[in-house]
Amino acid sequence: MSIDKQQIGLLLSRVALRDHQAFEALYQLTSTRLYTIIYSVVKDEQIAADLLQEGFIKIWYNDHYCPIDYPWAWLCQSVRNLAIDAVRKRRRESEQTDELQHEPEITCIATDQRLNRCLQTLPEEKRNAIVLAYQHGMSHYEIVQHVKTPLGTIKSWIRRGLQELKRCLTE
Numbered sequence: 005m006s007i008d009k010q011q012i013g014l015l016l017s018r019v020a021l022r023d024h025q026a027f028e029a030l031y032q033l034t035s036t037r038l039y040t041i042i043y044s045v046v047k048d049e050q051i052a053a054d055l056l057q058e059g060f061i062k063i064w065y066n067d068h069y070c071p072i073d074y075p076w077a078w079l080c081q082s083v084r085n086l087a088i089d090a091v092r093k094r095r096r097e098s099e100q101t102d103e104l105q106h107e108p109e110i111t112c113i114a115t116d117q118r119l120n121r122c123l124q125t126l127p128e129e130k131r132n133a134i135v136l137a138y139q140h141g142m143s144h145y146e147i148v149q150h151v152k153t154p155l156g157t158i159k160s161w162i163r164r165g166l167q168e169l170k171r172c173l174t175e
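Quick note: the sequence shown uses our numbering, first residue 5, plus one each step.
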């Protein structure tokens, strides 16, 4: 089945005005091909289905759609970007999990003498961020509120502090 690019542009314009019938027609017309694009990136049926749903939710809430010359290409690129972002996120989460699995001492901060010595070598802000996150179980957002510092800075302190701890513990 060929995709009518003008029809997609018209449907997208109507969807931006919250036209339910246009949204359903757009889904019927494009979902199979968009799913295929997503699946080719993520290689997982369930994740592809979830991302397709997320993509259509974003389309529904995108009330500032402006007519473009290539609406089909815009749709394809939108879902492809979603899929790429999901793969990157999974990769980052996997790396963080691997780091934690290779550093089991972090789960026993209070009882491990060596780790406590290494913690004391860290600059105060990094040490405090790590202790708040791992000993007190605070989320990054809770730490931001507690120390009144931007989120990016907190994440940086924790990441760099963990790297310094790893170096110290492997010496």
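The set of hints was computed from the structure by calculation and includes no laboratory data.
It is possible that part of the hints are untrue.
[As the list claims (entries may be wrong)] Restricting the straight-line Cα-Cα distance to at most 25 Å, the calculated cross-link-like pairs of lysine to any residue (SDA-like) are:
#  : residue 1 : residue 2
1  : K62       : I51
2  : K152      : N132
3  : K93       : Y74
4  : K93       : S82
5  : K93       : D73
6  : K9        : Q50
7  : K9        : Y31
8  : K159      : E128
9  : K47       : Q25
10 : K47       : S17
11 : K159      : Q81
12 : K152      : G141
13 : K152      : R118
14 : K9        : I61
15 : K9        : D48
16 : K47       : Q32
17 : K9        : Y74
18 : K93       : I162
19 : K9        : V91
20 : K152      : C172
21 : K93       : R118
22 : K170      : I88
23 : K47       : V91
24 : K62       : R37
25 : K62       : S17
26 : K9        : R118
27 : K93       : E58
28 : K152      : R171
29 : K152      : L173
30 : K93       : Q32
31 : K62       : E49
32 : K152      : T174
33 : K170      : V135
[What the hints assert, rightly or not] So the derived label-pair ranges between C-beta atoms look like this:
#  : residue 1 : residue 2 : range
34 : R95       : K62       : 19 to 27 Å
35 : Q32       : R95       : 27 to 35 Å
36 : S44       : D8        : 17 to 25 Å
In this text, a Cβ means the ideal position worked out from N, Cα and C, and glycines have one as well.
Evaluation of the provided hints:
no.: 1; hint: K62 x I51; verdict: holds, 16 Å
no.: 2; hint: K152 x N132; verdict: holds, 13 Å
no.: 3; hint: K93 x Y74; verdict: violated, 28 Å
no.: 4; hint: K93 x S82; verdict: holds, 17 Å
no.: 5; hint: K93 x D73; verdict: violated, 31 Å
no.: 6; hint: K9 x Q50; verdict: violated, 28 Å
no.: 7; hint: K9 x Y31; verdict: holds, 14 Å
no.: 8; hint: K159 x E128; verdict: holds, 15 Å
no.: 9; hint: K47 x Q25; verdict: violated, 31 Å
no.: 10; hint: K47 x S17; verdict: violated, 31 Å
no.: 11; hint: K159 x Q81; verdict: violated, 30 Å
no.: 12; hint: K152 x G141; verdict: holds, 17 Å
no.: 13; hint: K152 x R118; verdict: violated, 30 Å
no.: 14; hint: K9 x I61; verdict: holds, 21 Å
no.: 15; hint: K9 x D48; verdict: violated, 28 Å
no.: 16; hint: K47 x Q32; verdict: holds, 22 Å
no.: 17; hint: K9 x Y74; verdict: holds, 7 Å
no.: 18; hint: K93 x I162; verdict: holds, 18 Å
no.: 19; hint: K9 x V91; verdict: violated, 28 Å
no.: 20; hint: K152 x C172; verdict: violated, 28 Å
no.: 21; hint: K93 x R118; verdict: violated, 33 Å
no.: 22; hint: K170 x I88; verdict: violated, 30 Å
no.: 23; hint: K47 x V91; verdict: holds, 10 Å
no.: 24; hint: K62 x R37; verdict: holds, 17 Å
no.: 25; hint: K62 x S17; verdict: holds, 14 Å
no.: 26; hint: K9 x R118; verdict: violated, 64 Å
no.: 27; hint: K93 x E58; verdict: holds, 15 Å
no.: 28; hint: K152 x R171; verdict: violated, 28 Å
no.: 29; hint: K152 x L173; verdict: violated, 30 Å
no.: 30; hint: K93 x Q32; verdict: violated, 29 Å
no.: 31; hint: K62 x E49; verdict: holds, 20 Å
no.: 32; hint: K152 x T174; verdict: violated, 32 Å
no.: 33; hint: K170 x V135; verdict: holds, 15 Å
no.: 34; hint: R95 x K62: 19 to 27 Å; verdict: holds, 22 Å
no.: 35; hint: Q32 x R95: 27 to 35 Å; verdict: holds, 33 Å
no.: 36; hint: S44 x D8: 17 to 25 Å; verdict: holds, 23 Å
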